[in-house]
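The listed protein sequences derive, respectively, from chains R and X. Here our numbering is used: the first residue of the first sequence is 1, the next is one more, and so on. Here our numbering is used: the first residue of the second sequence is 1001, the next is one more, and so on.
By construction, these hints were calculated from the structure, which means they are not laboratory data. No experiment lies behind these values; they were computed from the predicted model shown. There is no bait here: all hints are sound.
Simulated crosslink set (SDA-like; lysine to any residue; CA at most 20 angstroms straight-line): (1) 370/R x 1014/X; (2) 19/R x 29/R; (3) 1203/X x 1302/X; (4) 1105/X x 1141/X; (5) 1203/X x 1311/X; (6) 1203/X x 1193/X; (7) 370/R x 1011/X; (8) 370/R x 1009/X; (9) 1105/X x 1115/X.
Computed footprint of chain X on chain R, listed as stretches where at least three residues anywhere in the stretch have a Cβ under 8 angstroms from a Cβ of chain X: (10) 134-146; (11) 242-252; (12) 313-324.
Even glycine gets a Cβ: it sits at the ideal position worked out from N, Cα and C.
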Amino acid sequence: MSMRLGALAMTSGHSGWSKRLHMDVPLLLMLLVLLAVGLVALYSASGSTIHVQRQGMRIGIGLLAMLVLAQLDPRTIRFGSLPIYIISLIFLVMVLYVGTGAMGATRWLGIPGLFMFQPAEIMKLAAPAMIAWFLTQRELPPRLWHVLASLVLCLFPAFLVVQQPDLGTALLIIASGLFVVFLAGLSWLYIAGGLLAAVGTFPALWLLVLRDYQRQRILTLFDPEKDPLGSGWNIIQSQTAIGSGGWDGKGYLMGTQSQLNFLPESHTDFIVAVMAEEFGFIGMALLLCLYLAIAARGLIIAINGRDTFGRLLAGGLTLTFFIYVFVNVGMVSGILPVVGVPLPLVSYGGTSIVTLLAGFGIIMSVATHKKL
Amino acid sequence: MSIERFQDYAREQVLVFRRTLFAFCLIVLLCILLGARLFYLQVMTHDVHATRSNNNRISLQALPPNRGLIYDRQGRLLAENLPNHRLSLMLERIDDLDATLAQLKELVDLSEDDIQRFHQQRQRPRRPFSPVPLKNGLSEEEIARLATDRYFLDGVEVEANLMRSYPHGEVFAHALGYVGRINSAERRSLDNRLYVGTEYVGKSGVERFYEEALLGKPGSQTVEINARGQILRVLDQTLPTPGADLQLYLDIDLQQATYEAFEGRRGAAVAIDLETGGIVSMVSSPSFDANQFVIGYNSAEYAALQSNIDLPFMNRATRGQYAPASTIKPFLGLAGLESGATTWDQRIEDPGFFQLPNDDRIFYDWTWRIRPEGRGAKIGLEQSIQESSNTFFYHLAYNTRLEGLHDMLDRFGFGRVTTADVHNPARGINPTRDWKRERHGFSWYAGDTVNLGIGQGYMLTTPLQLAVATAVMGRHGEWFTPRLLKDSSDQSLLDALPEPPEDITLANQSHWERMEQAMVGVVHGPRGTARALAQNLDYQIVGKTGTAQVFSIENFEDHDSDDVDERMRDHALFVGYAPRDNPRIAVAVIVENGASGGRVAAPIARAMFDEYLRLPPLAESGVLQ
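Given the sequences, and given the hints that come with them, work out the whole structure.
Rendered as structure tokens:
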């Protein structure tokens, strides 16, 4: 077994600067390509250089965060897990009382105009780190009460995020926690039981937890034509955009669906429809391959991690990254309900890019700190 | 590090490795799932989506034609299209309709009616992103205020279009008619291909009759639009064909003078140019402002007009059916002469009544009262026309018999439609024996014929028919095509005008001259019923008065009009033409409950004569060709 692990160990890109900067070169290159493609698509989707400039600035901040986190030893991160988790929880509670926001949702904390951040985004990193720390304190695979405790550790912050309300982020926090538990060797029995319980509690969830607009989104998924000008509009228009792209697309800046504004939120959550319309199936296949390659690289780093904490965290963060892709492309192409999940590293929007790149910083840290 | 610890660590590592591998497989599967979905959308169902995308982007829009303009006899505008600014809402772009309406109320003058109409309209089926009109006729000031606040008013649009406008809306409301919003019944019956993009349709009068010509043909354009319905680019365009312009015989000055002469009383007047047969004036009083139908009546105002006892919406000139009373006497006189029932020299004794042989019923006449000789004088046809003697005409009708009367009345156009282009005129009634049996189930009595002799009983006529018949009289039997249309940019409209009815040729054509002379006496004779009219008159009027009974007074020995409730008073009528030497215009006037044809109706006719004779003669050619 150790032989097989050795075969997967990385040998590439250990030139001087990348080693000093604790960068994993293949992952960095792929991320940079993705970010570049994202900016190109954003220019088409938003039709303005202002959006591209702002996004570029956020990418800069994100890359800086990645660089900083990559320098930290996974051990340091591990020790920081608990305090950061607790602080994030406090922030999340504060958001509900002193947060600011827009369009019916309160997500931001800080001093308006000076420094603002979304505590939920920090929780996306803090929750899996906390659970990874919690589980690696104990023997793996986790026992039932470890699993239950882990669930509480991610469900409680998710519950706070739902209050904002931000269902998409809440689900991602839960997902990131569950991925860690899964990677830690969660019993298949529990997994099966959990799935059954999820199916069983769905009616209660439907009636008690979900809000009207959230229910509407799910219903719309099954029959978008029912309300073609209301909630079905987004789905119909995005599928039309994607479908009309065909094999090779309509060409860059030539997508009529997005350029003529038929596509709503074309530069944020629905940006993938713009790309599909303009670059076609070939472009989308390449994009999915790039995402798959990044995820694969992340998982390779994870299994080559120095300790279990690093492995679990790197693996969990990678899977969370991928689940962003799946949920976003799934909802835009009409196989998942519309939840506010951006296309990672491409969609316009500040905090998610910084968080994602920070997450990759942690993965880099796991990749480049090998010696015991 | 102990061995156990290391083994433990290795076991964990294997566990995490397996799980990670499993997760990777799952990721690949999900990727394939996404890829398959994209393949389905982009490759397998590409055509469907490509079509839908094009339908989104490309919109075929109708370009409504400009409605034809309408001019008066002298080339002055009667109906035009004025630029209108309309406030509309694009509902798909408005999140909170109530808030937007509340906001708009601050900026523009919105009535409850505007809002109610808006709510009705927005319930109707329509294309997505098509604006729903809220208020027409925005003022410059309102447009400016809306422009200032534009950025806070998403979905609020100010559209510019053309709106029908009638500069003389009240005076011409009945004759010209008006356009109004196409209602749902019309939407079903009209040819939708012609009315795409058009919201108005001619509802009455000239606007209705010449609807097809005035409408024009819509054009279309293929445009690229964005999701907000804004046009980005015109891809293809077929321009609309504007509707035909019309010039009418109607004259603004004459119409105005006529309408004013009524002073708001109920009634109608029609004037016909004797040279051409063109209808130069057609007034129904009281009237209403036709422009209100275009803008949309305020419901309270509309209800008030609708329930108004004076029936302002009714076109009395073409739809009002009245007993012609004594104005029918010149025509019946010709019938009597033609049938040989009377001659100009015949004299009969007037005892003040007429009685049918073997019948108790007495037909009264009070004309003897104004004669110096009193009861029992010998009277002839000419005197009977001037004094409007009933007794003579009772005799005349009885001797001419119904068939003789009906035939002559028919030749003058009574009981049928002779006009070429008047919308929906009433036919009137020129009774026959068959008609009565069919209509009332009784046979025709001799008494009915006697009543017909003084224009009472079953006979009904419209002011329009009276005017036409008077014009034929003025032309000594030479018919013409009574019409409104003088000229048009569309020659086919002129070609479509029907041939005139057959001329009236009398066995002795000199009867025309004698009858004219008799009728001159009505105004200019010493005992003429309209002799008051002759004062300060520098031309001669050929006329006849009439006073129609509104309710049966046969059994009253006497009655005084002043004592009777206003609406029970007799209708006052006058027909005539002028000037005698070179007749130019024939008129028929009726004033409901006016009591006396000579005192009330005749002055209105005089005002019309005065005005028309003051005007320049009709130009030969129209302004439009």
